[in-house]
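S.K.: Listed here are the chains, written in short residue letters.
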Amino acid sequence: MSENDCATSDHQGLRLVKVRGEVDLSWSQRLRKTILEALASARPVAVDLSAVTYIDSSGIAALVEGFQNARGKGQRFALVAVSRPVIAVLELARLDRVFPIFPTVDEALK
Amino acid sequence: MSAPAEALPAPVGLARIGPEEVGILADFSHAFAATLDIGETLRRAVVQIAEHMNAEAAAVFLVDPAAGDIECRACAGPVDVVGLRVQRGRGIVGRAIEENRVQMVRDTRTDPDHLGDQRGFQTRSILCAPLHTAEGAIGALQVLNKRDGALFDSHDADVLRLLAVPTALALNNARLTRELVEQNRIKREFQLARQMQKTLLPARRKDYPVTALNLPAREISGDFYDYFDLPDGRIAFCLGDVAGKGMDAALLMVRASSCLRWAGRDAAPPGEWLARVNRELCETVTRGMFVCVVAGYYDQRSSMVELSNGGFPPLLLRRADERVQELRADGPPLGIVPDYVYESARFALAGGSLYAFSDGVTDVRGPERRPIGIEGVRALIERVSGLSPRARVRAIVGQLRKMSLADDTTLMLIADDRAEPRLLGRIDGSSDPENLRSVRRKVAAIASDLGYDEDARGRIVLAVDEAVANVIRHAYGGCCDGRFELAIWLDADALRFELRDWAAPVDPGRIKPRDLSECRPGGLGINLIDSVMDRWLFRQPEDGHGNQLTMIKRLP
Chain A
2 MSENDCATSD
12 HQGLRLVKVR
22 GEVDLSWSQR
32 LRKTILEALA
42 SARPVAVDLS
52 AVTYIDSSGI
62 AALVEGFQNA
72 RGKGQRFALV
82 AVSRPVIAVL
92 ELARLDRVFP
102 IFPTVDEALK
Chain B
6 MSAPAEALPA
16 PVGLARIGPE
26 EVGILADFSH
36 AFAATLDIGE
46 TLRRAVVQIA
56 EHMNAEAAAV
66 FLVDPAAGDI
76 ECRACAGPVD
86 VVGLRVQRGR
96 GIVGRAIEEN
106 RVQMVRDTRT
116 DPDHLGDQRG
126 FQTRSILCAP
136 LHTAEGAIGA
146 LQVLNKRDGA
156 LFDSHDADVL
166 RLLAVPTALA
176 LNNARLTREL
186 VEQNRIKREF
196 QLARQMQKTL
206 LPARRKDYPV
216 TALNLPAREI
226 SGDFYDYFDL
236 PDGRIAFCLG
246 DVAGKGMDAA
256 LLMVRASSCL
266 RWAGRDAAPP
276 GEWLARVNRE
286 LCETVTRGMF
296 VCVVAGYYDQ
306 RSSMVELSNG
316 GFPPLLLRRA
326 DERVQELRAD
336 GPPLGIVPDY
346 VYESARFALA
356 GGSLYAFSDG
366 VTDVRGPERR
376 PIGIEGVRAL
386 IERVSGLSPR
396 ARVRAIVGQL
406 RKMSLADDTT
416 LMLIADDRAE
426 PRLLGRIDGS
436 SDPENLRSVR
446 RKVAAIASDL
456 GYDEDARGRI
466 VLAVDEAVAN
476 VIRHAYGGCC
486 DGRFELAIWL
496 DADALRFELR
506 DWAAPVDPGR
516 IKPRDLSECR
526 PGGLGINLID
536 SVMDRWLFRQ
546 PEDGHGNQLT
556 MIKRLP
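These protein sequence lines are chains A and B, in that order. Mapping the first sequence onto my numbering, position 107 (from 1) lands on 108, and the numbers just tick up by one. Mapping the second sequence onto my numbering, position 359 (from 1) lands on 364, and the numbers just tick up by one.
Only chain A is shown next, with the shape it has when bound in the complex (with noise of 0.2 Å):
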């Protein structure tokens, strides 16, 4: 069983969020404030959802309040290497075309 855990690491100049686990309500509060911190650097930050087995709308609200706060100040921000449940989860809140998606981080560098 997969441990639900969000961690930060740079990655040739670039934030990295990766996410592992469940995303519910019961931990999206600590995604939310991750994402959030990661964007404090001007850097471009990318939120790796490759572990991720199940993402609810709370989840979903974490990227989305991420996305929105890095379009503000004009920093890049994508998502790689989504997994099946999360794009569908997208799909489902007609989302997958709002958000970056880029297979691998070095897709996303580029």
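Hints listed in this document are in silico derivations from the structure and should not be mistaken for laboratory results. Keep in mind the model is a prediction, meaning the values are calculated, not measured. Idealized CB from N, CA, C, for every residue including glycine. Each hint should be verified, as a subset may be incorrect.
[What the hints assert, rightly or not] If we take Cβ atoms under 7 Å as the criterion, some of the chain B residues that face chain A in the derived model are:
#, residue
1, P207
2, P376
3, E439
4, L441
5, E471
6, L529
7, G530
8, S536
[Said to hold, decoys possible] Far from chain B by the CB rule (all over 10 Å, computed), these chain A residues:
#, residue
9, S58
10, A82
11, E108
12, L110
Please build the complex by placing chain B on the supplied structure of chain A, with the hints as guidance.
M.R.: Relative to chain A, chain B alone:
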């Protein structure tokens, strides 16, 4: 008739029978009564007859019904004529049998019916007595040429007639015994065939939604039924009726049922299933024979039935609201039109019962000797409607037995006795977000059992999780000591979630999906519920406390 033979119809005068005749008669009767080998006894008997009658030769001729002629079965004398065949009605033997009377020919040269001499044996005179039985003459006893040039006389004729009596009795007994043995053999074969047929029928299963019974009109049946589980959880079923009721029908039944089972394993749509078996039967079945079949699948989880009907009598669907609907055949019987495209029909049992029955059921004769027809079957179904499925089938068959069964009779019932909604699960929890994970686990397991695919399952889990998260976040304002209850119900055609809380009432008018085109973080939950569920309703519970959300998702 101008034949010079002296026909002697008169009864044997006992006065003319001496102690010698009584002796040989006793020997004869004893030998025949004690024998196990009628052929050997006959061979010894003709030797004794020739000796006793002082004749040069003696023979026994028997009618061969299969070949339509008369055959010599035993003889005594200088020339062996065993196996000699004479056409019926020909020769002195033929005449004795035809007229069922003793023939005495004292001079063969004057009798035009005499067929001539055999292999150098010169026949001068003939005495021939029929072997008389209740079914007429089955052969004749013949003696030739009284020794020392003497002539047969009427005493000889009486003695030969007398000796013919135990001979005929013994031969007749032997024939009856042979026939009895043969009949017993055939009966045993039929019993074996019946047993074999029974093993083709599926074993009765307890608490199984499909129940069936077959009553053959004779030892063997032209009807069959089958049901088996598919790997995907559905039940495949079929019911067939082969034209005719004899051994040929029984053999075709075996072929058709194994063909259906073989083709049903692939879980192809029912119309395709029938088409496949139809092609096979069209190629191999004798012209003029055909099979009426209904075949399909039943999914117990959703109560969906999918079936195709090739020439089978209409099925009766008795719905939960007691309406009865006739489902007629959409295609011809199997084995007639090689490339026929059979249609499939799909419907939910939804608490109802589906009855399929061979025409033996509708053809049962009622009180006025008239077939009860489909109306009669409907009436029977109504009478038993309160009983359990198994008891219903038994009661219907019991009623049918009281009337007169003329044909093979087979009845199958598929019952969804889930008249009431079934509670699949209940979660009683505190308004702690940590509880969401177990809610998701439970909902995912149930959705999986009901056959939703992975995507649908994920969406249902999401919608329920959103609903519970809304209770926690909005109704209780993020406070963990509230209480919620989630009940998961299986209705006839849908999965239903009832989510109850005891928080301050929320104005139902405020619960509505927002415009998705504006991109903002909050308020997505109800949108997700709205797009996943087929229907949802938010309301105040009747007891006036808290809130109630009902979400309905159609079964897959």
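S.K.: Each hint: holds or not?
M.R.: The hints, checked one at a time:
no.	hint	result
1	P207	violated (41 Å)
2	P376	violated (58 Å)
3	E439	holds (5 Å)
4	L441	holds (5 Å)
5	E471	holds (6 Å)
6	L529	holds (4 Å)
7	G530	holds (5 Å)
8	S536	holds (6 Å)
9	S58	violated (4 Å)
10	A82	holds (18 Å)
11	E108	holds (23 Å)
12	L110	holds (25 Å)
Of the numbered hints stated above, those contradicted by the structure are hints 1, 2, 9, listed in ascending order.
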